[in-house]
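In the order they appear, the protein sequences are chains S and H.
Residue 971 is where the first sequence starts when you use our numbering, and the numbers rise one by one after that.
Residue 289 is where the second sequence starts when you use our numbering, and the numbers rise one by one after that.
There's no promise every hint is true.
[Stated by the list, open to error] Not close to chain H: a few residues of chain S, all C-beta gaps over 12 angstroms, as computed:
#1 V981
#2 T990
#3 S1055
[Claimed, not checked] Below, simulated DSSO-like cross-link-like pairs (lysine-lysine); rule was C-alpha separation at most 27 angstroms, straight line:
#4 S:K1030 x S:K1074
#5 H:K330 x S:K1077
#6 S:K1038 x S:K1074
#7 S:K1038 x H:K366
#8 S:K1022 x H:K345
#9 S:K1038 x S:K1026
#10 H:K330 x S:K1038
#11 H:K371 x H:K330
#12 H:K330 x S:K1022
#13 S:K1074 x H:K330
#14 S:K1077 x S:K1026
#15 S:K1026 x H:K330
#16 H:K345 x S:K1074
#17 H:K371 x S:K1038
#18 H:K330 x S:K1030
It is worth saying that the hints were derived from the structure and are not from the lab.
Glycine residues also receive a C-beta, built at the ideal position from the N, C-alpha and C atoms.
Single-letter residue listing:
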Amino acid sequence: GDSVTQMEGPVTLSEEAFLTINCTYTATGYPSLFWYVQYPGEGLQLLLKATKADDKGSNKGFEATYRKETTSFHLEKGSVQVSDSAVYFCSSNRGGSEKLVFGKGTKLTVNP
Amino acid sequence: EPEVTQTPSHQVTQMGQEVILRCVPISNHLYFYWYRQILGQKVEFLVSFYNNEISEKSEIFDDQFSVERPDGSNFTLKIRSTKLEDSAMYFCASSDRTGGTDTQYFGPGTRLTVL
Chain S
971 GDSVTQMEGP
981 VTLSEEAFLT
991 INCTYTATGY
1001 PSLFWYVQYP
1011 GEGLQLLLKA
1021 TKADDKGSNK
1031 GFEATYRKET
1041 TSFHLEKGSV
1051 QVSDSAVYFC
1061 SSNRGGSEKL
1071 VFGKGTKLTV
1081 NP
Chain H
289 EPEVTQTPSH
299 QVTQMGQEVI
309 LRCVPISNHL
319 YFYWYRQILG
329 QKVEFLVSFY
339 NNEISEKSEI
349 FDDQFSVERP
359 DGSNFTLKIR
369 STKLEDSAMY
379 FCASSDRTGG
389 TDTQYFGPGT
399 RLTVL
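Construct the complete structure from the given sequences, taking the supplied hints into account.
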C-alpha cells in the first residue's frame, strides 16, 4: 500500500542554518504531496503542497519539490529561525482516496 | 481565522469504558476525518465522513468505533469499549472538498489514555 518515509529526528540546528528533511513516498498512481507542521500544543497545519511532478511548494521560506523520478519530496529552508522549532510531517494523498498517509514526523529544534 | 476545535484536550478512562471524542469542524466544511497517532508512531487515518455517512475507513476502524454528526456543528468519534492499545492522540480534520489537492484542516487533538 501507499507509504511515506521521512528522516528520523530529532534534528537540532543553530539559527540561520540550512535545513533539509528528507521524505520519500511509495504510491500507486500520482499522489499529491504535503508537508504539515505541528507547533507545540497545536494541531497539524498545512505548510506546503505539490500536486504533480516537478511542482514546487513553498511557504514561509520553506520549499519542497515533487520529484517523480526519485519519489521524493524533501523539505528545505535556507535559514531557520527559533520559531521554526516544531514537528514536521510529510504526507501523501492518492487521487480518488480521501485519506492522508503520513510519515512518522521529524522534530526540529532551532537554538539561538 | 476559522479553525477546527476538539474537546477534551486530554481524556483518561478505564479499559472497557466508552468514550466520546468531540470535534467542531470549520463551519462551511462538508468532509470530516479522524486520525490517530500512537506515541512514537505515524499519524494513521481512521475514517472519513460526508453527507452523513462514512465514505472511507481503515482496517483500524472496526466495530468498536463509530462516528456521528449529531447536529450541524459537532462531529464525534465514539469508542464503545476501550482497550489499552486505543491510547493515542486523536486528531479531527475537515475540508471543503475531497480529492487529492484539497487541504485538510486539523484540530489540536485529544490525548486519550486508557488505564
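Worksheet item: Checking against the hints above, which ones are violated?
Response: 7, 17
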